[in-house]
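**Q** The residues making up each chain are set out below.
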Amino acid sequence: MQSQEDQQILHLILEANESERGFQMLVRKYKQRIYWLVRRNVHQHDDADDLVQEIFIKIYQNLARFKQQSGLFTWIYRIAVNECLSHLRKKKNGLVWDDPEKSASLLSADMWFEGDKMQAYLHSAIQTLPDKQKLVFQMRYFEEMPYQQMSSILETSEGALKASYHHACKKIEEIIQQYEG
Amino acid sequence: MKDKENIEKAFQDKWGHLGKKEAFKVPENYFDEMETKILQKTKSSTQHGGAQRWLPSLNQRRTWLSIAAGLAIIVCVGVAYFIHTQNSGRQQDEILGTLAYIDKHAGEFDLKLLSLLTALQEDEPVLNSSEMEFLNEMNLQELEEIMEGEFEEEL
Chain A
1 MQSQEDQQIL HLILEANESE RGFQMLVRKY KQRIYWLVRR NVHQHDDADD LVQEIFIKIY
61 QNLARFKQQS GLFTWIYRIA VNECLSHLRK KKNGLVWDDP EKSASLLSAD MWFEGDKMQA
121 YLHSAIQTLP DKQKLVFQMR YFEEMPYQQM SSILETSEGA LKASYHHACK KIEEIIQQYE
181 G
Chain B
1 MKDKENIEKA FQDKWGHLGK KEAFKVPENY FDEMETKILQ KTKSSTQHGG AQRWLPSLNQ
61 RRTWLSIAAG LAIIVCVGVA YFIHTQNSGR QQDEILGTLA YIDKHAGEFD LKLLSLLTAL
121 QEDEPVLNSS EMEFLNEMNL QELEEIMEGE FEEEL
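Sequence order for the protein chains is A and B.
With this note's numbering applied, the first sequence corresponds to residues 1 to 181, in that order.
With this note's numbering applied, the second sequence corresponds to residues 1 to 155, in that order.
Extracted from the complex, chain A is given alone in its bound form:
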């Protein structure tokens, strides 16, 4: 179930003298993947930075409870997804994403956004989706994650995930087609 590298990380973490090195390897391996998952959801770099640190601290604090019933990546990613969802719920009142045109122009003006106009519309359209559907879409579209893996991370059936992704595709296509050309 674990990749060879994950097995080595877990082995080091269990060794009293090597646990810090094991955790360092874990951070090094997963930091970028977790960061981009978070960044695509919260958009702002500073928010993403804070949230990623919180996620890794949570992983560190809960490593003792990891029973290895799932892969290390699945477990880490599940923590990250849950933290993202909880962050989005808290932030909901602060930002309005109902107007993709307005949010796309805000995004284009952000110094940490370097995409073109259509990419800005795509990311703004994604923000109009319900939180869980947003995560499903991002995992499939950007990371090309297999449904089986998504199912174990989100603890949802593959059928439901496929349906959710197709709904998301339709909604996003409707939005970005308006601004095409």
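Hint data in this document are derived by calculation from the structure and do not stem from the laboratory.
We treat Cβ as the ideally placed atom computed from N, Cα and C, and that holds for glycine.
Any given hint might turn out to be false.
[What the hints assert, rightly or not] With a cut-off of at most 20 Å between alpha-carbon atoms, the simulated SDA-like pairs for lysine to any residue come out as follows:
(1) B:K9 to A:Q133
(2) A:K170 to A:F142
(3) A:K29 to A:D116
(4) B:K25 to A:Q148
(5) A:K162 to A:T128
(6) A:K29 to B:D13
(7) A:K67 to A:T128
(8) A:K117 to A:Q127
(9) B:K9 to A:G159
(10) A:K58 to A:Q4
(11) B:K20 to A:E173
(12) B:K14 to A:K31
(13) A:K31 to B:E35
(14) B:K21 to A:E173
(15) A:K58 to A:R21
(16) A:K171 to A:Q127
(17) B:K25 to A:E143
(18) A:K91 to A:K67
(19) A:K162 to B:D13
(20) A:K67 to A:Q4
(21) B:K21 to A:W36
(22) B:K37 to B:V26
(23) A:K29 to B:L39
(24) A:K90 to A:L129
(25) A:K58 to A:L88
(26) B:K43 to A:R28
(27) A:K58 to A:T128
(28) B:K21 to A:D116
(29) A:K31 to B:E33
(30) B:K37 to A:Q61
(31) B:K37 to A:R28
(32) A:K170 to B:K14
(33) A:K31 to B:K43
(34) A:K132 to A:D116
(35) A:K170 to B:V26
[Stated by the list, open to error] Listed next, the stretches of chain A that the computed footprint assigns to chain B, with coverage defined by at least 3 CB atoms under 8 Å from CB atoms of chain B:
(36) 51 to 61
(37) 72 to 81
(38) 125 to 132
Following the hints, position chain B against chain A.
**A** Chain B alone, transformed into the frame defined by chain A:
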């Protein structure tokens, strides 16, 4: 099902290119610094007692907790058994003492008075006229005086 797969493929064909290139950027050396920041934060959270220790120490703690719980149960059972045996021993001594007293002084009891007192205590309406006469002649104070007198003599 086929329809859904077609939707996914059509979407990917038409809009897949938008996701191929990362639209967001990060400050220079961000990921190297991020690693250092995270490791510092986890260290400080351990120093402040916020983080849990790793699996071996947790397992050790579990073992010690199991031993402590086992010892606590043994001590509780021991104390309960000691208290129980002490109490039953004391009760046995009291019963044996009473029986020895009765055995020693059996001939000295006023059997008539005892049977009357027993009948009165049990609310038995079995008094005949002579017994009623006997009781009428005595009042409660006299009875108590008689019994106290006998008791003091014994002491």
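**Q** It remains to establish, for every hint, whether it holds in the given structure.
**A** Status of each hint after checking the structure:
1. B:K9 to A:Q133: 18 Å, holds
2. A:K170 to A:F142: The hint holds at about 16 Å.
3. A:K29 to A:D116: 29 Å, violated
4. B:K25 to A:Q148: Answer violated: B:K25 to A:Q148 is near 30 Å, above 20 Å.
5. A:K162 to A:T128: 19 Å, holds
6. A:K29 to B:D13: 31 Å, violated
7. A:K67 to A:T128: Violated, at about 36 Å.
8. A:K117 to A:Q127: 16 Å, holds
9. B:K9 to A:G159: OK: B:K9 and A:G159 at ~17 Å, within 20 Å.
10. A:K58 to A:Q4: This hinted pair is violated, its Cα atoms lying about 23 Å apart.
11. B:K20 to A:E173: 17 Å, holds
12. B:K14 to A:K31: 31 Å, violated
13. A:K31 to B:E35: 8 Å, holds
14. B:K21 to A:E173: Answer holds: B:K21 to A:E173 is near 18 Å, not above 20 Å.
15. A:K58 to A:R21: 17 Å, holds
16. A:K171 to A:Q127: Status holds; Cα separation ~11 Å.
17. B:K25 to A:E143: Cα-Cα ~17 Å, so holds.
18. A:K91 to A:K67: 32 Å, violated
19. A:K162 to B:D13: 17 Å, holds
20. A:K67 to A:Q4: Judged against 20 Å, a Cα distance of about 17 Å means the pair holds.
21. B:K21 to A:W36: With a Cα-Cα distance of about 12 Å, the restraint between B:K21 and A:W36 holds, given a limit of 20 Å.
22. B:K37 to B:V26: Distance ~16 Å between B:K37 and B:V26 Cα, so the pair holds.
23. A:K29 to B:L39: 14 Å, holds
24. A:K90 to A:L129: 16 Å, holds
25. A:K58 to A:L88: 17 Å, holds
26. B:K43 to A:R28: 16 Å, holds
27. A:K58 to A:T128: With Cα atoms ~28 Å apart, A:K58 and A:T128 exceed 20 Å; violated.
28. B:K21 to A:D116: Roughly 10 Å between the alpha carbons, so the hint for B:K21 and A:D116 holds.
29. A:K31 to B:E33: Given pair A:K31, B:E33 holds - Cα atoms ~11 Å apart, limit 20 Å.
30. B:K37 to A:Q61: Distance ~16 Å between B:K37 and A:Q61 Cα, so the pair holds.
31. B:K37 to A:R28: 12 Å, holds
32. A:K170 to B:K14: Satisfied, since the Cα-Cα distance of roughly 12 Å is no more than 20 Å.
33. A:K31 to B:K43: 17 Å, holds
34. A:K132 to A:D116: 26 Å, violated
35. A:K170 to B:V26: Since the Cα atoms of A:K170 and B:V26 sit roughly 30 Å apart, the hinted pair is violated (cutoff 20 Å).
36. 51 to 61: holds (count 6)
37. 72 to 81: violated (count 0)
38. 125 to 132: violated (count 0)
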